[in-house]
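So the protein lines, in turn, are chains A, B, C and D.
Quick note on numbering: the first sequence equals residues 39 to 302 in the working numbering.
Quick note on numbering: the second sequence equals residues 39 to 302 in the working numbering.
Quick note on numbering: the third sequence equals residues 39 to 302 in the working numbering.
Quick note on numbering: the fourth sequence equals residues 39 to 302 in the working numbering.
One thing to keep in mind: the hints can contain errors.
Copies of the same chain look alike in the list, so a pair counts if it fits in one copy or across any two.
As a list, the in silico DSS-like pairs of lysine-lysine whose alpha-carbon atoms are at most 27 Å apart [what the hints assert, rightly or not]:
(1) 250 x 272
(2) 164 x 72
(3) 41 x 210
(4) 174 x 227
(5) 54 x 274
(6) 208 x 56
Read the hints as simulated data drawn from the structure, not as lab findings.
4 protein chains.
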Amino acid sequence: MIKEGDIIKLILVDDKNKQYLKKVRKGIIFEDHKRNRLTFEDVINRDYGSVVKNFIILKPTTEDFILYYLKRKTQIIYPKDSAYLLLKLGINSNSKVLEISTGSGAMSIVLLKCLYPNGFLVSIDKNMDFILNAKKNISEFCNLENINYANNLGLINFDVLSKNIFNLFKIKFDSCVVDIPEIDDVITKVYELLNSNSTIGIILPTANQVIKAIEVLKSSGFCDIEIQEILLRKYKANYNRFRPFDIMTAHTAYILTAKKILKY
Amino acid sequence: MIKEGDIIKLILVDDKNKQYLKKVRKGIIFEDHKRNRLTFEDVINRDYGSVVKNFIILKPTTEDFILYYLKRKTQIIYPKDSAYLLLKLGINSNSKVLEISTGSGAMSIVLLKCLYPNGFLVSIDKNMDFILNAKKNISEFCNLENINYANNLGLINFDVLSKNIFNLFKIKFDSCVVDIPEIDDVITKVYELLNSNSTIGIILPTANQVIKAIEVLKSSGFCDIEIQEILLRKYKANYNRFRPFDIMTAHTAYILTAKKILKY
Amino acid sequence: MIKEGDIIKLILVDDKNKQYLKKVRKGIIFEDHKRNRLTFEDVINRDYGSVVKNFIILKPTTEDFILYYLKRKTQIIYPKDSAYLLLKLGINSNSKVLEISTGSGAMSIVLLKCLYPNGFLVSIDKNMDFILNAKKNISEFCNLENINYANNLGLINFDVLSKNIFNLFKIKFDSCVVDIPEIDDVITKVYELLNSNSTIGIILPTANQVIKAIEVLKSSGFCDIEIQEILLRKYKANYNRFRPFDIMTAHTAYILTAKKILKY
Amino acid sequence: MIKEGDIIKLILVDDKNKQYLKKVRKGIIFEDHKRNRLTFEDVINRDYGSVVKNFIILKPTTEDFILYYLKRKTQIIYPKDSAYLLLKLGINSNSKVLEISTGSGAMSIVLLKCLYPNGFLVSIDKNMDFILNAKKNISEFCNLENINYANNLGLINFDVLSKNIFNLFKIKFDSCVVDIPEIDDVITKVYELLNSNSTIGIILPTANQVIKAIEVLKSSGFCDIEIQEILLRKYKANYNRFRPFDIMTAHTAYILTAKKILKY
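If we strip away everything but chain A, and leave its shape as in the complex, we get (with noise of 0.2 Å):
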């Protein structure tokens, strides 16, 4: 039953079904780009999957919310990606996990998701603006899934290309997320940060990173380097004419995963 506060996702029952994410506010009236007017009291109490007016009424999924309810304050990690890089790197409910850079925590959710109940996430970023926009983006996710991650999560706000940050840990990671631009140094102090049996998983958006990347994974000790890039393809819903749409994203980043070679 949806209630105040809750995130609704609207889908206008037209010919182009356009989809709005929204918070549910008493005493406000959202109204769409042709006049089409939904007040949020009539949605309360309400269960979700009901027809409103000109509007369905659905609880937004997991990809719903990162793609259009989050607060981007950068760029993010879109789910086709995070996605996969969750099985990439073995990560589960045990795993203790380290993310450089937080962003806008796109990628944290989906982190947090796998690590809940008993792993946790260490995510690091050095613009105290993103932490505290990610901190909300999460906070609201947490409100959208009831349940609360904010126990499996660190969030540290540092500048990791500075020197001593990697001392600061007692503990060692399972799994490290990288998506910062300059990564050379870090994959170096990352190395020392992980387990025996870990992962490392990088996000990057150029071919050039790419090629470093490899050169720096192969010098510091990781082995097994994928490198892959994961191109989603939609359909039209019609039955009549079914085809892809007619554009779609090209490109949003590589992804590099590696593992830890002990050294002896």
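Given the coordinates of chain A, work out where chains B, C and D should sit on it, guided by the hints.
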């Protein structure tokens, strides 16, 4: 530390880095096609990440396990597809999920990771052989991750195309994953078994099936129908000659997702 | 040397390199959206490749012309698709080709280049407006290439779904390119118009149409049926940050090709 | 009508439709791996499109010839790539084109079709073996198309990385196709050999090469630099189960195109 019974990933240290997933068994000697040998007793009590003779010894990830260890008696749902489906369906550690059908358990494993510890999976297959094989695969995976997913899983041997199965359930489900060729009937039945606030994911190899499924979903009370395919393109980990591999998997399946609308 | 009436490609010399295809006309001043101006009289008698004020002046290629100059009254067949189709159909400078339908002439241009000087193209469209527009486009293209393709072209305004058109031809064709939505009837008729040793190419946007076309081709005496799509992925010309563009055309059409089997 | 010496395409009439390109030779019996036999004398004087015993006899298309008959002594430029390059470079039947290097002649064939009858191709290779092989391939192709492209072709055995070749030419070229690994030097030299109003096309397998080539093109007086790749995805010709083939070629080469700017 590696012990007897563990599944390990062996990577041969040479130009090709050929890989093997094997279970560690005392008294067994592994020999590859080039007669490189490894006595498993030399691996026991070593840390993952160690190099033993010509081999690097690693812990398999979820993807490694599904692609290279899980015993296939059916086509499987590939990690690139199953990972994305989780986020599309909004599954989390509280979800109750129905899977039709179990097949070899590749999707079940990915669902269980996400459902643990408070959700549960009911997985149905009409073929008892497949059920037993999937059970064994899941059990091996529990061993790999050292997490007991058994309490979160019910395997049912039943032909869903028969009439009465759906009367058996007292509860309703938050999501259903359908991977059978004949879906028309099943979609209608699944509708009744789903909560308001629920999602359905369907895996189909051919366009003809997708065309039919869109029609049935639309007439059966589902909305927000999306159809997509995930293309995974891999690159050679060679920093002097960075380029995609020559060939790739061009098609596994179309992925359909939809949400339930309440009838009233 | 550029003269009045020539079509030129202007590239603005700045970060974005925005491009324009324009016909050189005395007394006309070109102005882009940022108020960069170019008096066409300053371009006349200059060589292609010259930089005039903020613009590089280039001769358009075939692709430039089709994508950015040809006037579209219909969807066009894109160069990525038409170029490949030529080689699939084995067309050369001796071929007699039938095109149904003419549309805006984008495919006709590519065919004429290949047929010149000894082959010929008969192109049919039921819409006289389209014929006239295509004729004008082809004429502009002759001007661009300084080759008179007119002798190799017959444009016919006729509705191919009507009964008698195919009785009109005394000759038989080596290849036929079909780009109309309703192909069932046409395929059967085209069969009669084709030489032994002939090929057919069909351009279809939806999977439903392809499914139908395969069935009709198989039952109408065609073999070696191939279906394909061409995906063109573009990269940014930035050597410090080499990566694909963010979005791409995901779909233009499925391309079917087949060859005639003699009935006996 | 098929005569001795013709190249034919044989398609076995069964479920798999396995294909063969063979030269018709009296006294020779073709036998496939399943011991289906065809006496070539039974094919002579038949029309293309005929069914002889278990085989359909077809005339090969340009693509058939390049992919399945042309003798490869090098990697070839694939029809999907060469076809598109023609339109990108604006080549027509008046063009003078330089090709570096000849390789097995797969690109030369596609160029010659476009250049015929008034243009010409100068193709250079440092390896005399490759030249001789390409010459033979082109000669077979002339036979297939029954068009004598020989007058439009000059093959030169020379190492373009040496200093003086470019002094040899009195004429300038409209387009140049470059397919050699080390392009830095060549690009600069080619610039001098090109007309104003000219285009260059470069075929490169690795991202590292592309990155270097963009840099060199920019500093050598080229503009309108575009980089692209062509992905060809094939579908099964089964109207009951329409779907892509399981695997595809994921990469042949990156295609760079650019145009000359005049220096002044």
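Hints, one by one, checked against the model:
| no. | hint | result |
| --- | --- | --- |
| 1 | 250 x 272 | between (32 Å within a copy, 17 Å between copies) |
| 2 | 164 x 72 | neither (42 Å within a copy, 38 Å between copies) |
| 3 | 41 x 210 | between (42 Å within a copy, 21 Å between copies) |
| 4 | 174 x 227 | neither (29 Å within a copy, 40 Å between copies) |
| 5 | 54 x 274 | within (11 Å within a copy, 32 Å between copies) |
| 6 | 208 x 56 | neither (50 Å within a copy, 35 Å between copies) |
Hint violations for this structure: numbers 2, 4 and 6, all remaining hints satisfied.
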